[in-house]
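A.B. asks: All chains, full assembly: derive it from the sequences and hints.
2 protein chains.
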Amino acid sequence: MEIAQSLQQIQSSYIREILSAACNKNVISLAGGLPDEQAFPIDLMRPTLTQLAEMPNVFQYGATAGYGPLLDFLQHHFALPDSHKVMMCTGSQQGLDLIARAYINPGDTVVMEAPSYLGAMQVFGLVSANIVTVAQNAHGPDLVQLEQCFEQQSPKMFYAVPDFHNPTGVCWSLETRQQVAALCIKYNVAFIEDAPYRELRFSGNPIPLVSDFCPEHSIVLRSFSKIASPGLRLGAVSGKIAFLDPLIKVKQGADLHSSVPMQALLLGLLQHDNFGLHIDKIRALYKTRYQVLFDALQQQLPVTCGMNSVEGGMFIWVTLPECDTFALAKTLLANGVAVVPSPVFYPEAHPAQAALRLNFTNATAEELQEAVRRLTDVLHNTLAVI
Amino acid sequence: MEIAQSLQQIQSSYIREILSAACNKNVISLAGGLPDEQAFPIDLMRPTLTQLAEMPNVFQYGATAGYGPLLDFLQHHFALPDSHKVMMCTGSQQGLDLIARAYINPGDTVVMEAPSYLGAMQVFGLVSANIVTVAQNAHGPDLVQLEQCFEQQSPKMFYAVPDFHNPTGVCWSLETRQQVAALCIKYNVAFIEDAPYRELRFSGNPIPLVSDFCPEHSIVLRSFSKIASPGLRLGAVSGKIAFLDPLIKVKQGADLHSSVPMQALLLGLLQHDNFGLHIDKIRALYKTRYQVLFDALQQQLPVTCGMNSVEGGMFIWVTLPECDTFALAKTLLANGVAVVPSPVFYPEAHPAQAALRLNFTNATAEELQEAVRRLTDVLHNTLAVI
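Protein chains in written order, with UniProt numbering: chain A, 1 to 386; chain B, 1 to 386.
Don't take each hint at face value.
[Stated by the list, open to error] Stretch-level coverage of chain A by chain B, calculated; a stretch enters the list once three of its residues show a Cβ under 8 Å from a Cβ in chain B:
no. : stretch
1   : 57-69
2   : 110-124
[Claimed, not checked] Simulated pairs of lysine to aspartate or glutamate, EDC-like, Cα-Cα distance not exceeding 20 Å:
no. : chain 1 : residue 1 : chain 2 : residue 2
3   : A       : Lys240    : B       : Glu151
4   : A       : Lys287    : A       : Glu37
5   : B       : Lys186    : B       : Glu151
6   : B       : Lys186    : B       : Asp108
7   : A       : Lys186    : B       : Asp108
8   : B       : Lys25     : B       : Asp36
9   : A       : Lys240    : A       : Glu216
10  : B       : Lys186    : B       : Glu216
11  : A       : Lys281    : A       : Glu37
12  : B       : Lys240    : A       : Glu2
13  : B       : Lys186    : A       : Glu2
14  : B       : Lys186    : B       : Asp212
[Claimed, not checked] Pairwise CB distance ranges (calculated):
no. : chain 1 : residue 1 : chain 2 : residue 2 : range
15  : A       : Ala79     : B       : Ala135    : 49 to 59 Å
16  : B       : Asn274    : A       : Arg373    : 46 to 56 Å
17  : A       : Asn205    : B       : His76     : 47 to 57 Å
18  : B       : Asn308    : A       : Phe275    : 52 to 62 Å
19  : B       : Glu348    : A       : Ala79     : 38 to 48 Å
20  : B       : His76     : A       : Leu270    : 37 to 47 Å
21  : A       : Asp82     : B       : Glu2      : 19 to 29 Å
22  : B       : Gly68     : A       : Ala352    : 31 to 41 Å
These aren't lab readings, by the way, just hints derived from the structure by calculation.
Ideal placement from N, C-alpha and C gives every residue a C-beta, glycine not left out.
C.D. replies: Next comes the structure, spelled out in structure tokens:
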């Protein structure tokens with residue numbers, strides 16, 4: 001049976017493939033975007049896990065939009081006005097998939113920064129969107145390019161990760177946020193704000209969502225994978241009701257609804273008195289690990305490489321002199337360290353800045369130091385011969 | 001933001017809408033396809049629910065195809081050869097959605113029986129398939145029509161629910177199964193076998209899957225919603241490896257993977273010593289309820305109505321003299337009984353046999369008897385004036 005044309009052009013996720021290779025005990029993986037398993041708030045989930053057995057209703061079919069008590073909690077928690085609503089998804093990845101399926105006709109233009117989140121490119125690729133990119137600088141997207149693109153190409157939506165961008169770690173400045181929002185309103189472009197790392201800020205001051213400046217022109221995707229547990233597969237999508245209802249209609253066909261016991265478990269966790277402390281704890285842990293990775297890289301990276309500091313999230317983006325980054329990643333894997341080469345974060349055939357994405361949330365401080373030794377050994381050897 | 005063209009033609013699920021209306025305490029609902037909440041095997045899940053707190057790995061990101069120990073168990077449980085594999089989905093509904101997205105180009109022909117499962121029509125509608133129907137008789141699809149259709153229209157797949165069909169309750173005969181399999185092989189049509197009700201047989205003898213007769217030309221969808229719990233949202237898809245791999249690729253974009261704690265919970269349940277007894281118990285319960293509904297209908301239905309006995313599943317299909325079944329369902333709802341009118345089980349603009357789908361697994365015996373009184377009162381009044 002021949003596969004659909006829309007699927008023929010989709011690459012299987014290199015990251016998910018390297019993740020299985022990286023399971024080898026001798027390999028230190030900085031490749032995934034995995035939170036630290038030891039830091040999961042399982043103790044805070046334990047009371048609800050036990051209570052689930054006394055809640056037969058959560059084992060029945062549920063509403064497509066989500067578990068009522070959780071939706072009520074989140075409506076308040078996210079401070080949504082009555083004109084807006086929230087729905088639960090099987091991970092925020094599904095929220096993105098629903099947005100693409102509900103709104104994109106083949107050939108419709110979707111704008112992203114380059115580089116950008118691989119999972120978003122997959123999802124928009126599956127609906128045969130015309131993906132157009134704008135360059136990213138230290139404050140966010142290049143605003144001149146963005147306005148030109150909005151003006152000339154009338155895109156349907158602009159997808160972005162303004163908080164601790166995947167893969168670059170860039171956090172958009174307040175001014176950029178305001179200006180992007182203004183452009184979205186001016187050109188009637190829907191802003192799809194993917195905010196999975198927003199709560200993982202470990203320094204600097206919180207900045208409003210871009211969507212706070214264009215609430216009628218945006219949809220916000222939030223993940224509970226980074227602050228609770230990815231295994232649960234729960235994310236939330238919010239926006240004005242007219243934007244959300246079509247997503248619910250697609251979700252009926254996609255999976256009817258997300259797991260209700262998992263939603264009840266998440267609600268118990270979010271309402272736990274110590275959940276705030278848990279967030280503080282993972283922020284502190286990731287800050288320490290980030291600092292270890294950053295300091296080690298700063299000391300050992302070849303001078304031809306570059307990187308920027310980040311204030312949160314999960315990744316450091318190391319730029320390299322021009323080279324075959326796939327071959328480099330393969331050599332690194334053979335030398336016991338897994339990383340992700342930059343081209344996977346660009347649309348196919350798009351010229352990619354030579355770079356590597358390094359994760360600092362999953363490996364221990366000792367592993368991070370060893371990983372940098374292995375990484376920089378290879379880099380010094382490889383880049384020397386370029 | 002204008003919704004995608006593929007979504008514009010999709011009706012929101014009438015059933016899911018009537019389900020919310022049916023929440024009214026004064027309404028007895030025979031509308032949904034809900035298992036009995038009291039019969040959920042929560043006591044058998046309790047040990048695993050408690051153990052989950054000691055299994056941090058299930059809270060981490062997992063493999064797209066599913067939780068390894070569960071996949072191993074199911075490979076053996078379903079007696080799959082090495083050439084075949086199984087993957088877990090967020091409900092078997094997602095499995096169907098993945099099949100449609102992985103294989104159907106807009107305009108590709110998909111064959112179904114008429115009437116057919118609403119959720120399948122939604123899913124194939126979302127990928128703009130050309131849905132072609134063949135009539136169903138007491139033994140399954142009309143084989144002459146089916147062969148004509150295969151020969152003349154070269155469909156890509158034939159989707160069906162051979163065990164206790166939704167909505168008609170028909171269970172395909174052994175001969176029909178063998179002949180459908182032979183036709184699928186002869187005309188190289190993939191058989192998509194949706195088997196959510198297969199374990200709910202309460203009389204007669206088990207019959208092999210259609211796919212047992214065409215294992216290289218089929219994909220099987222199984223649900224754990226009817227024998228375990230729908231709230232978990234877990235289904236399994238199996239077939240030859242070449243058929244399954246594209247589904248896994250689409251699932252990466254759709255939701256990365258299904259909830260791992262839920263998969264671990266399901267494995268614990270399936271391996272529980274008393275799980276077989278649980279299945280026996282729900283079969284006995286549903287047999288009793290079916291008999292109550294069937295007997296009451298037989299005694300009280302107007303002679304102009306018809307129905308067939310079933311050997312399992314969840315539904316009785318009551319045929320009516322020609323009438324406006326939507327208006328009838330509305331009158332019934334006003335009189336305290338919720339049912340589903342037949343047109344929702346046909347592709348739009350397809351002529352529908354006037355009928356009602358009645359569920360017998362969710363209401364108690366007393367409620368079923370009262371529901372039949374309300375139903376037949378209205379039918380005697382309404383049909384008398386047609």
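A.B. asks: Does each hint hold? Answer for all of them.
C.D. replies: For each hint, the structure was consulted:
| no. | hint | verdict |
| --- | --- | --- |
| 1 | 57-69 | holds (count 8) |
| 2 | 110-124 | holds (count 3) |
| 3 | Lys240/A with Glu151/B | violated, 49 Å |
| 4 | Lys287/A with Glu37/A | holds, 16 Å |
| 5 | Lys186/B with Glu151/B | holds, 10 Å |
| 6 | Lys186/B with Asp108/B | holds, 19 Å |
| 7 | Lys186/A with Asp108/B | violated, 40 Å |
| 8 | Lys25/B with Asp36/B | holds, 17 Å |
| 9 | Lys240/A with Glu216/A | holds, 6 Å |
| 10 | Lys186/B with Glu216/B | holds, 12 Å |
| 11 | Lys281/A with Glu37/A | holds, 13 Å |
| 12 | Lys240/B with Glu2/A | holds, 14 Å |
| 13 | Lys186/B with Glu2/A | holds, 17 Å |
| 14 | Lys186/B with Asp212/B | holds, 16 Å |
| 15 | Ala79/A with Ala135/B: 49 to 59 Å | holds, 55 Å |
| 16 | Asn274/B with Arg373/A: 46 to 56 Å | holds, 54 Å |
| 17 | Asn205/A with His76/B: 47 to 57 Å | holds, 55 Å |
| 18 | Asn308/B with Phe275/A: 52 to 62 Å | holds, 55 Å |
| 19 | Glu348/B with Ala79/A: 38 to 48 Å | holds, 41 Å |
| 20 | His76/B with Leu270/A: 37 to 47 Å | holds, 39 Å |
| 21 | Asp82/A with Glu2/B: 19 to 29 Å | holds, 24 Å |
| 22 | Gly68/B with Ala352/A: 31 to 41 Å | holds, 34 Å |
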